[in-house]
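Chains as they are written, first to last, in the working numbering: chain U, 1 to 378; chain E, 1001 to 1378; chain Z, 2001 to 2406; chain R, 3001 to 3406.
It should be emphasised that the hints constitute simulated quantities derived from the structure, not laboratory data. Hints are not guaranteed to be accurate.
[What the hints assert, rightly or not] Cross-link-like lysine to aspartate or glutamate pairs, in silico, EDC-like; alpha carbons within 16 Å at most: (1) K1200/E - E3357/R; (2) K1264/E - E2401/Z; (3) K3030/R - D3046/R; (4) K1200/E - E3365/R; (5) K2212/Z - D345/U; (6) K3212/R - D1345/E; (7) K2200/Z - D2241/Z; (8) K2394/Z - D1261/E; (9) K200/U - D2363/Z; (10) K2058/Z - E2021/Z; (11) K3058/R - E3021/R; (12) K27/U - D344/U; (13) K2200/Z - D2231/Z; (14) K264/U - E3401/R; (15) K200/U - E2357/Z; (16) K2030/Z - D2046/Z; (17) K3394/R - D261/U; (18) K200/U - E2401/Z; (19) K1200/E - D3158/R; (20) K2212/Z - D344/U; (21) K3212/R - D1261/E; (22) K1200/E - E1021/E; (23) K1200/E - D3046/R; (24) K3212/R - D1344/E; (25) K2212/Z - D66/U; (26) K3232/R - D3158/R; (27) K108/U - D66/U; (28) K1027/E - D1220/E; (29) K143/U - E219/U; (30) K200/U - E2359/Z; (31) K3080/R - E3007/R.
[What the hints assert, rightly or not] Far from chain E, some chain R residues (derived; all Cβ distances over 10 Å): (32) E3009; (33) P3024; (34) Q3045; (35) T3115; (36) D3227; (37) G3237; (38) L3250.
Remember, predicted model here, so these are calculated numbers, not experimental data. Heads up, the beta-carbon is just placed ideally off N, CA and C, and yes, glycines get one too.
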Amino acid sequence: MAALTEEQTMIKDQAQAWVTEQAPVAKFRAMRDSGVEQGFQVETWQAMVDMGWTGIIVPEQYGGSDLGYLTFGIVLEETGKHLTASPLLASALVGASALLLGGTEAQKQAWLPKVVDGSEILTLAVDEGPRHAPNVIALRAEKTADGFSLTGRKTMVLEGGAATTLIVATRTSGSAGDAGGITVFLLPADTAGISRQVLKTADSRGYANIDFEGVIVGEDAILGELDQGAGLLTDILDRGRAGLAAEMLGTAAQAFAMNLDYLKTRVQFGQVIGAFQALGHRAAILFSEMELARSCVEAALQGIDGEVPSQAQLCSLSKCQAGAFLHHMSNELIQIHGGIGMTDDFDAGFYLKRARAVEGAYGNQAFHRNRYAQLLNF
Amino acid sequence: MAALTEEQTMIKDQAQAWVTEQAPVAKFRAMRDSGVEQGFQVETWQAMVDMGWTGIIVPEQYGGSDLGYLTFGIVLEETGKHLTASPLLASALVGASALLLGGTEAQKQAWLPKVVDGSEILTLAVDEGPRHAPNVIALRAEKTADGFSLTGRKTMVLEGGAATTLIVATRTSGSAGDAGGITVFLLPADTAGISRQVLKTADSRGYANIDFEGVIVGEDAILGELDQGAGLLTDILDRGRAGLAAEMLGTAAQAFAMNLDYLKTRVQFGQVIGAFQALGHRAAILFSEMELARSCVEAALQGIDGEVPSQAQLCSLSKCQAGAFLHHMSNELIQIHGGIGMTDDFDAGFYLKRARAVEGAYGNQAFHRNRYAQLLNF
Amino acid sequence: MVELSDEQEAFRQSVRTWLDENFPPRLKGKGAELLGYGEYTGPLQDDASLWQQRLGGKGWGTPTWPSQYGGGGLDHIQTKILHEEMNRIGAFNPIIVLAGMGVTMVGPTILEYGTEDQKIRHLPPMCRGEIRWCLGYSEPNAGSDLASLATKAEDQGDSWVVNGQKVWTSGADISQWCGALVRTDSKAKKRNGISFLMLKMDQPGIETRPIKLIAGASPFCETFFTDARADKTDMLGNLNDGWSVGKRLLQHERASQTGVRNTGGGKSEALQDMAKRYVGADAEGRLDDADLRLRLANHLMDAQAHGLTISRIAAEARGNVEVSASASILKNSATHVAQTQSELTLELMGHSGLGWEGEGFNDAELATVRNWLSGKAMSIYGGSFEVQNNIISKNILGLPENTQKG
Amino acid sequence: MVELSDEQEAFRQSVRTWLDENFPPRLKGKGAELLGYGEYTGPLQDDASLWQQRLGGKGWGTPTWPSQYGGGGLDHIQTKILHEEMNRIGAFNPIIVLAGMGVTMVGPTILEYGTEDQKIRHLPPMCRGEIRWCLGYSEPNAGSDLASLATKAEDQGDSWVVNGQKVWTSGADISQWCGALVRTDSKAKKRNGISFLMLKMDQPGIETRPIKLIAGASPFCETFFTDARADKTDMLGNLNDGWSVGKRLLQHERASQTGVRNTGGGKSEALQDMAKRYVGADAEGRLDDADLRLRLANHLMDAQAHGLTISRIAAEARGNVEVSASASILKNSATHVAQTQSELTLELMGHSGLGWEGEGFNDAELATVRNWLSGKAMSIYGGSFEVQNNIISKNILGLPENTQKG
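Looking at chain U on its own, in the form it has when it is part of the complex (with noise of 0.2 Å):
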């Protein structure tokens, strides 16, 4: 970890021992088990509401604690490693950057307390096809008498289930492809012409495809300037990013838990496997590159918190990092507890396939090496 401050070391003891104990996995399993279809326990999302974890990145005179990114990475890192499902990330950190980014007082007056007290649950719809591509928005607000009318799709879309607020990245003018012509509107999930397709998903969390059909919206739902929201976006995503790669590393950190764990118990031909050399390299490999990704991880929410230019490499440089350490690690994961490690009644396969589903969301990694080299000018 980096040199915490003491409010910072105090709210990660906090959430460690919260997380170990009122949201360990065993929760998230019963949370699959039921089948509740918004992907989260409503009693695990009010505790984080009641221990301020809603406000970490929210100013004050709006309810918040105004902590900063890294504090609020140190929160997901927790929540990652026990998989802790809430619409935390979407909500608090996500949907209060863009406001905190793009929203006029009167928005963040109206919204930043109840993302804060938890009565509003914010989401970012971005995607309108089966990858992350920012660059290509499509969906139609076409300017009427009062306002816009919204017509398009965006898929995968993180807590849309549950979400009581959608942010959503338009096209008010040029075409998919033009970098200009992109509006963010921040409105009511339950605006009339608007219809969800709640998602079944490999990592049982909540996710919809949300259909908009003429759905009429105000100038005063705009999220920063008509036209001119390509770089708001860029810099939601970019939040999203860094702390998504916190709860990457929360979750692969556990991962290597668990593996450490396991060499160091379980015994084959007289000994525990962990005296295999070469599962002790595969470990002593595995700790290197979390100690790497780790690095790049912190790197980025501080950039946010200090606003150093080079954020958006930062923020790409730490998702791809932190995905690829994660997909090695839940892969290793399997492979090192065999075959119990395949069976459901052990936790091993909800790394894997949590593994699977953070990668592509907000760009895999793929994308982001791709964005790298450009903000590199190569």
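Fit chains E, Z and R to the given chain U structure using the hints.
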């Protein structure tokens, strides 16, 4: 090895015995230390001629034995093992292939017997810059009253110092990048206007940059058809790639054998290092890569012999897989040998340097990966 | 590229004719669909049983086995011709699936180790696809380290009495017979004192419990033996020599796992075409994701290298590939290719490759996710990736075992 | 991102002023050029010795060492400021190179294990860059397995008499002192019975022979000891406790190898720019080889991750990074990044990256080939890749040693 005919087995045994006894790495070392400019010893080359290797793919009416490319590959694998240096590949495989594929009867009669008896050394001059890029040939061949005038530069021509006859890919119409307008010429290397810069490379073999300044040749110097040489060039190159891949496989196989021997004899921490499981597994993985690469190498050679439709694909596969294995293997050769592997007195460095040199010849892995995808239409 | 003799060409003609007359055309390309976990389902049931009877009757479900035990008595070239002809018309072999572990593993081992009586009793029903076999190998505390197994068989005069627990007994709940490794001498050291028993599954002493896997329902079971019984004559190979028998059987297993998954008669969409469909292509037909394109090309090359290696080893062995030193290499390579294929398929599907069930995903997408998960077992079962590498390094390369601290 | 105190800002100002007054501007960015194997060469010799005297006199070649032994007495924040300011104006530290293994390894170990007399005798000349040290560790039959070394030191009253052979003694032929591990008790088990001796190199009993490497000439030697002598007072640490001293010194070595090669003051062309120069770019500025571009991006990300890890570990340690459990991770990571960088540079240079000497290749191309080859040593020396992984798995992760066959 593929299921060999009796004749092939005989040739393989003969090659193995001769290379081991008459042309081992020590001979290559002596050649390097002597600084001989052409990059091979005349007596080595003469012995190959005497054994009939220069006629392996040449039909009997031109003095050859017409045994095919797989047989040639068997020999090249053996010479590759001990880094035996000679113009065998450049002249008797690539040069002879060019004549067989594109030569008129008169050209074949004039050149092939001399390829077989070693009195001519042929080579293909194709690249013009630092990378293998047969699709962007720019060396200009301008029509004159009696023939053509060639102006431009060819780089890193294999055996470019020793070659007596050059096969030159030129542009007779269109511009660099066009598929049409390529013409292949065959001309004596001492034609007026040709100057050569012999290169000293890391692998101590024979290469040269060759400049053409108003080099005048007749129409009878054309191999294949005027302006239609792109396909011919590709076919010649593919034969070179398949042959080179066989040589690379041999080089890597020998490196593997050296490593395995070291794993069985070097003692550290009270036991031979091959007993350490991490090293044992790495050897197992290398062995598997070797078996897979061998299949590709042999399939490409057999594919040429059998004129199968997927020849091109198999040749790219072969060059790419042999390259990947040789790269990995030559690095492991150094790593496993540790300090001793880093010394010039030991042979490992020769294999590492040679691996790097052949990687780029006739296209590196990236080139062939891209071509493979193109051939599969994606 | 192999030149066929006139006789072989004639055989090809006779196969064609026989298939024309016997393979129900409605089954064309339906192999994957009909053969779930070996139970016929769907509307084509009657055609399917007819085809099973005809193919089994001819012995062509087990083409290389001797005809006196119900096999086809074909040589390897003939077998290849048979498979080529079946593939050509979209026919498939249900016997191999219906027999569970019978045709691929137990049968070949009975052919080598069985008494004449055992052969006559067990092989013909296997060839007809009437009897399904499962295998009792792994135990909760004996995974890769099989030799430490604890399930015990005691000699009680006319029969063996078996007590203990096995896991990963694939298809135990629907099998009629089980080939099990059991400890018959508890004083002997690990590998000694083990025997190979054949047990009838339909008896009160055997209980099975299906195991749910990360991919969902599975063919695997936990199997409990409580005073289960086997006839004295149902031991395969000699008493306390079960380790050799069992090891040999595993070599057959590896050999049967060296190919990359074949969906059985149907041609599935090429991965690169699927990629273009999901990802799109540029004006020159190149996949619109250069990063994925490169990895896809690498994968397709690996897959081709694997296929060429199978062919090469077959050619070198002049047809006989069933068991060879290369089995470990091919097992790991097959696993690598299949697992990479799953990963790449998921990647190219993007969000569409995340579905578990329900709406929003098509069948192929849902199947891809399940296949991806169940395919993780390939590097674990049948001798894990690590075990294969141990075999290669010790048995093939001759590297010694670690004998000291380090 | 760290906020500096007023005092620290004042320190920065004083460093700036001192550098302005003392660093010869003609040396700007010439660090790499001037510091070959530590001998000054070229026309700027006088400036260079002046700079060495000034920097050494100030103790800033060894900024963190106590000032009573010739060091700068700076804390870690001050040291960081000093380095930042030096980098800013293209200044460099010649002392660290001139001292051979002195400043990076022997010195810190003397600071920990040395007697007051030893400190006073050895450290100040090191700080001035006047004395070069080499290390006698490896032997022909003791590479990664250092504990099996055989070079012997016998007690002959007032001195130790040393016999044996070392290899890979970097700079032995130009060093004044050698820190050597020698066996002082041949009856004790491997790691016991070893002591750490400091030997004067200028004596008849020591002979050195340079080793030619695959990259050409090298700083490494074989070093032969034939009745070589060391004073009784020249043992560092206790008798037969050399293993601890030597191990500690290696930790300093790892720590000094955790950074990726820094060319010393000069800014070299970014790899991606070089790639565009050799390979070209499309209309959107993307490298004209999508395959190389991807691997280049991966490499640059790995390099950044490595750099960020150094910073993070420094921040966590509140400045003190010299020796930490992470040294093995950083050593392997640094090696990976540097070796990949070489490979990619060669690849992007294509045919131009094959030159050995002579015409047809420019200096940068020739240097790249040599660097690539000599860089292969990074994963071998200073504890090989494998040894680092052993350390991580045993010391950091707490995995046990193999105690049985398998």
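Hints, one by one, checked against the model:
For the hint pairing K1200/E with E3357/R, the CA-to-CA distance comes to about 6 Å; that is within 16 Å, so the pair holds. Among the hinted pairs, K1264/E with E2401/Z is consistent with the structure: their alpha-carbon atoms are about 11 Å apart, no more than 16 Å. About 13 Å separates the Cα atoms of K3030/R and D3046/R, which keeps this hinted pair within 16 Å; it holds. This hinted pair checks out: K1200/E and E3365/R have alpha carbons roughly 13 Å apart, not beyond 16 Å.
Using a Cα cut-off of 16 Å, the hinted pair K2212/Z and D345/U holds, with the two alpha carbons roughly 7 Å apart. Between K3212/R and D1345/E, the direct Cα distance comes to roughly 7 Å. Compliance with the 16 Å bound is thereby established for this hinted pair. With a C-alpha separation of about 21 Å, the suggested pair K2200/Z and D2241/Z falls outside the 16 Å cut-off, and the hint is violated. Taking the CA atoms of K2394/Z and D1261/E, the gap is about 14 Å. The hint holds against a cut of 16 Å.
For the hint linking K200/U to D2363/Z, the alpha-carbon distance of about 14 Å falls within 16 Å, and the restraint holds. Of the pairs offered as hints, the one joining K2058/Z and E2021/Z holds, with about 13 Å between alpha carbons and a cut-off of 16 Å not exceeded. Of the pairs offered as hints, the one joining K3058/R and E3021/R holds, with about 13 Å between alpha carbons and a cut-off of 16 Å not exceeded. In summary, the hint linking K27/U to D344/U is supported, as the alpha carbons are separated by about 15 Å, within the 16 Å threshold.
Proximity of K2200/Z to D2231/Z is assessed by CA-CA distance (about 9 Å); at most 16 Å being required, the pair is judged to hold. Taken as a hint, the K264/U and E3401/R pair is honoured in the structure, with Cα atoms around 11 Å apart against an allowance of 16 Å. Between K200/U and E2357/Z the alpha-carbon distance is near 6 Å, which keeps this suggested pair within the 16 Å criterion. Using a Cα cut-off of 16 Å, the hinted pair K2030/Z and D2046/Z holds, with the two alpha carbons roughly 13 Å apart.
Using a Cα cut-off of 16 Å, the hinted pair K3394/R and D261/U holds, with the two alpha carbons roughly 14 Å apart. Proximity of K200/U to E2401/Z is assessed by CA-CA distance (about 49 Å); at most 16 Å being required, the pair is judged violated. For the proposed pair K1200/E and D3158/R, the alpha carbon gap of about 56 Å is over 16 Å, so the pair is violated. Simply put, K2212/Z and D344/U have alpha-carbon atoms about 6 Å apart, close enough for the 16 Å limit, and the pair holds.
A threshold of 16 Å between alpha carbons decides the hint, and for K3212/R with D1261/E the separation of about 24 Å lies outside it, so the pair is violated. Our distance criterion of 16 Å between C-alpha atoms is broken by K1200/E and E1021/E, whose separation comes to about 27 Å. This hinted pair does not check out: K1200/E and D3046/R have alpha carbons roughly 36 Å apart, beyond 16 Å. At roughly 6 Å between alpha-carbon atoms, K3212/R and D1344/E fall within 16 Å of each other, so this suggested pair holds.
The straight-line distance between the Cα atoms of K2212/Z and D66/U is roughly 46 Å, outside the 16 Å bound, and the hint therefore fails. Under the criterion of a C-alpha separation no larger than 16 Å, the hint pairing K3232/R with D3158/R is consistent with the structure, at around 6 Å. Proposed proximity of K108/U and D66/U is supported: the alpha carbons are some 14 Å apart, at most 16 Å. The hinted pair formed by K1027/E and D1220/E fails the criterion: a straight-line CA distance of about 41 Å is larger than 16 Å.
Our distance criterion of 16 Å between C-alpha atoms is met by K143/U and E219/U, whose separation comes to about 9 Å. For the given pair, K200/U sits about 8 Å from E2359/Z by alpha-carbon distance, which is consistent with the 16 Å threshold. The straight-line distance between the Cα atoms of K3080/R and E3007/R is roughly 14 Å, inside the 16 Å bound, and the hint therefore holds. No Cβ of chain E comes within 10 Å of the Cβ of E3009/R; the nearest lies about 47 Å off, and the non-interface call holds.
Every Cβ of chain E is farther than 10 Å from the Cβ of P3024/R; the closest lies at roughly 37 Å, confirming the non-interface assignment. With a least beta-carbon separation of about 31 Å from chain E, Q3045/R lies farther than 10 Å from that chain, consistent with its non-interface assignment. Every beta carbon of chain E lies more than 10 Å from that of T3115/R, the smallest distance being close to 33 Å; the non-interface claim holds. The non-interface label for D3227/R is consistent with chain E: the shortest C-beta to C-beta separation is roughly 26 Å, beyond 10 Å.
Non-interface call for G3237/R relative to chain E: holds, since the shortest CB-CB distance, roughly 24 Å, exceeds 10 Å. With a closest Cβ-Cβ approach of about 15 Å to chain E, L3250/R is found to remain outside the 10 Å limit, as its non-interface label requires.
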